[in-house]
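There are 2 protein chains.
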Amino acid sequence: MKDPNSSAGILTIDMVELARNWQRLKSSLNNADCGAVIKAEAYGLGAGRAIIQLCQAGCKEFFVALIDEGVYLRKVLSDVSLEANIHILGGPMFAGQALEEHNLIPVLNSLEDLALWKRKHPQAPADIHVDTGMARLGLSPSDVVILQKEPQRIKGLNIAYVISHLACSEDSKTTMNADQLKSFRQALTLFPGCKASLANSSGIFLGDKYFFNLARPGAALYGINPTPGKPNPMSQVIKLQGKILQVREVNVPQTVGYGATHQIKEKGRIATVGVGYADGYPRSLSNKGFGFLGGVRVPIVGRVSMDLTTFDVSNVPKQLAHPGALIDLIGPIIPVDDVADAAGTIGYEILTSLGHRYQRIYKTSN
Amino acid sequence: MKDPNSSAGILTIDMVELARNWQRLKSSLNNADCGAVIKAEAYGLGAGRAIIQLCQAGCKEFFVALIDEGVYLRKVLSDVSLEANIHILGGPMFAGQALEEHNLIPVLNSLEDLALWKRKHPQAPADIHVDTGMARLGLSPSDVVILQKEPQRIKGLNIAYVISHLACSEDSKTTMNADQLKSFRQALTLFPGCKASLANSSGIFLGDKYFFNLARPGAALYGINPTPGKPNPMSQVIKLQGKILQVREVNVPQTVGYGATHQIKEKGRIATVGVGYADGYPRSLSNKGFGFLGGVRVPIVGRVSMDLTTFDVSNVPKQLAHPGALIDLIGPIIPVDDVADAAGTIGYEILTSLGHRYQRIYKTSN
Numbered sequence: 001m002k003d004p005n006s007s008a009g010i011l012t013i014d015m016v017e018l019a020r021n022w023q024r025l026k027s028s029l030n031n032a033d034c035g036a037v038i039k040a041e042a043y044g045l046g047a048g049r050a051i052i053q054l055c056q057a058g059c060k061e062f063f064v065a066l067i068d069e070g071v072y073l074r075k076v077l078s079d080v081s082l083e084a085n086i087h088i089l090g091g092p093m094f095a096g097q098a099l100e101e102h103n104l105i106p107v108l109n110s111l112e113d114l115a116l117w118k119r120k121h122p123q124a125p126a127d128i129h130v131d132t133g134m135a136r137l138g139l140s141p142s143d144v145v146i147l148q149k150e151p152q153r154i155k156g157l158n159i160a161y162v163i164s165h166l167a168c169s170e171d172s173k174t175t176m177n178a179d180q181l182k183s184f185r186q187a188l189t190l191f192p193g194c195k196a197s198l199a200n201s202s203g204i205f206l207g208d209k210y211f212f213n214l215a216r217p218g219a220a221l222y223g224i225n226p227t228p229g230k231p232n233p234m235s236q237v238i239k240l241q242g243k244i245l246q247v248r249e250v251n252v253p254q255t256v257g258y259g260a261t262h263q264i265k266e267k268g269r270i271a272t273v274g275v276g277y278a279d280g281y282p283r284s285l286s287n288k289g290f291g292f293l294g295g296v297r298v299p300i301v302g303r304v305s306m307d308l309t310t311f312d313v314s315n316v317p318k319q320l321a322h323p324g325a326l327i328d329l330i331g332p333i334i335p336v337d338d339v340a341d342a343a344g345t346i347g348y349e350i351l352t353s354l355g356h357r358y359q360r361i362y363k364t365s366n
Numbered sequence: 001m002k003d004p005n006s007s008a009g010i011l012t013i014d015m016v017e018l019a020r021n022w023q024r025l026k027s028s029l030n031n032a033d034c035g036a037v038i039k040a041e042a043y044g045l046g047a048g049r050a051i052i053q054l055c056q057a058g059c060k061e062f063f064v065a066l067i068d069e070g071v072y073l074r075k076v077l078s079d080v081s082l083e084a085n086i087h088i089l090g091g092p093m094f095a096g097q098a099l100e101e102h103n104l105i106p107v108l109n110s111l112e113d114l115a116l117w118k119r120k121h122p123q124a125p126a127d128i129h130v131d132t133g134m135a136r137l138g139l140s141p142s143d144v145v146i147l148q149k150e151p152q153r154i155k156g157l158n159i160a161y162v163i164s165h166l167a168c169s170e171d172s173k174t175t176m177n178a179d180q181l182k183s184f185r186q187a188l189t190l191f192p193g194c195k196a197s198l199a200n201s202s203g204i205f206l207g208d209k210y211f212f213n214l215a216r217p218g219a220a221l222y223g224i225n226p227t228p229g230k231p232n233p234m235s236q237v238i239k240l241q242g243k244i245l246q247v248r249e250v251n252v253p254q255t256v257g258y259g260a261t262h263q264i265k266e267k268g269r270i271a272t273v274g275v276g277y278a279d280g281y282p283r284s285l286s287n288k289g290f291g292f293l294g295g296v297r298v299p300i301v302g303r304v305s306m307d308l309t310t311f312d313v314s315n316v317p318k319q320l321a322h323p324g325a326l327i328d329l330i331g332p333i334i335p336v337d338d339v340a341d342a343a344g345t346i347g348y349e350i351l352t353s354l355g356h357r358y359q360r361i362y363k364t365s366n
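Sequence order for the protein chains is A and B.
Numbered per my numbering, the first sequence spans residues 1 to 366.
Numbered per my numbering, the second sequence spans residues 1 to 366.
The reader is advised that the hints may include incorrect statements.
Because identical chains cannot be distinguished in the list, a pair is counted as satisfied if it fits within a single copy or across any two copies.
To be verified - Subject to a maximum C-alpha distance of 30 Å in a straight line, what follows is the list of computed DSS-like cross-link-like pairs (lysine-lysine):
no. : residue 1 : residue 2
1   : 195       : 288
2   : 265       : 182
3   : 118       : 173
4   : 363       : 230
5   : 195       : 75
6   : 265       : 173
7   : 267       : 182
8   : 120       : 318
9   : 149       : 265
10  : 26        : 195
11  : 230       : 209
12  : 149       : 267
13  : 318       : 118
Keep in mind that the hints were calculated from the coordinates and are not lab data.
Please build the complete structure, drawing on both the sequences and the hints.
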């Protein structure tokens with residue numbers, strides 16, 4: 001529906017690099033399997049495309065947050081005659097018949113979930129989530145004590161994986177990881193012979209103790225650095241470019257944008273790009289973020305507004321800064337983590353906020 | 001497609017209050033007309049629904065940012081046999097034939113735009129945007145000087161409105177507003193007999209000098225306070241509720257969420273809600289935002305994560321804080337401006353970030 005000529009932003013998503021990132025993680029996991037977390041539209045990149053690409057690359061265990069997401073992705077797979085397991089991290093509550101109908105594997109997060117599943121679908125596979133330090137979802141330590149005393153609560157369940165989730169895996173120095181590993185191992189004694197899964201993206205880089213049977217990377221697949229402070233072992237997957245709508249010669253004295261937060265001090269040129277916070281280019285980048293045009297770093301001046309952002313292009317050769325020219329906003333030259341740093345958030349939020357007005361180009365070959 | 005039972009977030013959009021907000025602004029404009037800015041999906045609420053509702057309420061001038069948005073909305077109107085003018089703020093560049101085919105009115109922002117339009121569509125209506133202090137889009141002061149010297153550049157054009165945009169209208173004390181008003185009046189002498197438009201939402205509250213022929217409110221329509229520091233004259237239009245997935249009894253000592261940023265000091269209860277930053281509930285609310293459950297203020301504890309947020313519900317009666325219960329996140333009890341304050345942004349960014357996993361309910365009668 002979008003006319004490429006009239007698009008003010010172009011989002012290129014490199015499906016080859018996505019698959020390559022997955023292979024890279026898989027190859028570092030020894031004999032453990034590598035799943036993929038594709039919740040929230042595969043972190044904003046498009047879950048339908050991602051599940052097909054990764055399934056064809058060999059991935060067989062996919063994780064989403066909500067039942068609706070699982071229902072949609074089961075249909076996507078079935079339309080192209082592919083099969084894979086789809087796990088629902090948010091659990092089975094309020095599911096009606098959807099889990100059964102669409103062959104989805106819920107993560108059981110509480111004693112209530114266990115009881116519900118045992119009553120309704122004792123034969124159907126389910127995961128069990130043991131909380132070891134997030135205090136978000138999963139069986140609490142006191143729940144685990146109850147299970148130790150009352151093993152009939154899990155008897156006869158068809159357990160796919162026992163899982164837990166690391167809270168601080170990107171910080172390889174904290175003792176929290178080892179504490180969570182210890183708690184997880186303790187909990188696993190309740191489930192002899194069951195497969196287990198602990199590591200998220202950064203967890204894969206904490207060593208093979210964290211591998212168990214299955215890793216569940218998300219962020220690293222999409223180019224976020226799983227080893228902050230060290231070189232990023234992953235490839236960038238997205239490139240976001242904003243189109244210049246107008247270039248303006250400016251003279252002192254003048255202010256730019258809402259709230260007049262930027263004062264122009266020297267003669268120069270301002271380029272206005274048709275991408276703003278409604279496109280997920282965060283307002284917190286105002287007077288802080290930057291792009292690249294013709295290899296030159298161009299800082300954001302003034303506030304990012306809803307549909308427009310203004311860049312100082314005074315240092316760019318005049319013939320390169322014209323209406324229609326594209327400024328790189330995210331991509332290999334400005335990794336998503338750098339944009340997130342400038343915006344005061346994490347790459348995850350940058351990706352999941354990517355908007356819907358961009359022309360999206362999916363690159364499927366080199 | 002979304003199963004209401006399985007939705008983890010419910011977004012109710014009150015179309016009656018939207019129309020009422022528009023009427024309220026219109027009635028304060030004396031004889032000037034009241035348009036509506038519905039770019040970026042009507043600030044995230046759904047532009048297709050909004051244009052029909054406001055058109056039926058009497059609005060005839062709609063403003064969007066991009067040509068794609070205009071093309072879509074022309075189709076929406078035509079499907080229900082409604083007519084209205086749709087203006088494209090981003091201008092006519094890169095349009096191909098879309099403007100003509102879909103009867104869209106471009107805003108001409110530069111001398112190049114003027115020349116393009118005069119060459120291609122001299123009879124078709126267009127707006128002219130004079131920049132008076134945003135330095136974002138629009139004819140610059142030096143462009144205006146050129147037009148004074150070379151009036152043939154605008155001769156014969158079918159001008160719908162001459163427009164400008166206020167940079168600091170929400171600050172009634174700054175001299176910037178009067179400066180922009182003065183520059184706008186000066187520029188208007190170039191366009192005798194043409195209709196003019198300056199005021200955005202907050203501009204309407206700066207007095208009738210700012211009315212001209214047409215006001216272009218956006219934010220106020222959607223419940224954002226156009227008079228910060230004074231009581232909000234507008235009604236709230238949206239209500240966002242998050243469903244509790246799990247409630248956890250906690251004991252000292254324990255941390256909550258990613259990065260272990262929240263330390264539990266007392267015995268209490270934590271409720272995990274299935275809404276996170278991938279749904280546009282910003283990560284910057286971590287350990288700062290709050291919701292309401294059963295009339296009780298429940299603070300966010302720990303980091304907002306992608307699909308989940310944890311609230312301290314220790315002060316809520318136990319029978320009210322259970323899986324399936326709804327915590328109010330935005331709405332009449334927590335206006336969008338208050339959520340934005342807690343997140344360190346503006347209501348506009350909260351609204352345009354509203355996600356796509358919610359069950360959306362459009363309320364069309366009282």
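Status of each hint after checking the structure:
1. Proximity of residue 195 to residue 288 under the C-alpha cut-off of 30 Å is found in neither arrangement, the shortest distances being 46 Å within a copy and 38 Å between copies.
2. In this assembly of identical chains, the alpha carbons of residue 265 and residue 182 lie at most 30 Å apart only when taken from different copies (23 Å versus 59 Å within one copy).
3. Taking the shortest alpha-carbon separations for residue 118 and residue 173, neither the intra-copy value of 40 Å nor the inter-copy value of 65 Å comes in at or below 30 Å.
4. Within a single copy, residue 363 and residue 230 get their C-alpha atoms as close as 28 Å, which meets the 30 Å cut-off; across copies the closest is 51 Å, which misses it.
5. In this assembly of identical chains, residue 195 and residue 75 lie within 30 Å of each other by CA distance solely inside one copy; the values are 27 Å within and 53 Å between copies.
6. In this assembly of identical chains, residue 265 and residue 173 lie within 30 Å of each other by CA distance solely across copies; the values are 24 Å between and 45 Å within a copy.
7. Taking the closest pair of Cα atoms, residue 267 and residue 182 come within 30 Å of each other only across two copies (24 Å); inside a single copy the shortest separation is 62 Å, beyond that limit.
8. For a Cα distance limit of 30 Å, the shortest separation of residue 120 from residue 318 across copies, 27 Å, qualifies, whereas the shortest one inside one copy, 68 Å, does not.
9. Within a single copy, residue 149 and residue 265 get their C-alpha atoms only as close as 73 Å, which misses the 30 Å cut-off; across copies the closest is 28 Å, which meets it.
10. Taking the closest pair of Cα atoms, residue 26 and residue 195 come within 30 Å of each other only inside a single copy of the chain (17 Å); across copies the shortest separation is 64 Å, beyond that limit.
11. Taking the shortest Cα distances, residue 230 and residue 209 sit within 30 Å of each other inside one copy (21 Å), while across copies they are farther apart (58 Å).
12. For the homomeric pair residue 149 and residue 267, the shortest alpha-carbon distance between copies (24 Å) is at most 30 Å, but the shortest distance inside one copy (76 Å) is not.
13. In the homo-oligomer, the alpha carbons of residue 318 and residue 118 lie at most 30 Å apart only across protomers (26 Å), although the nearest pairing inside one protomer, at 69 Å, exceeds that limit.
The structure fails hints 1, 3 (numbered hints given earlier, in ascending order).
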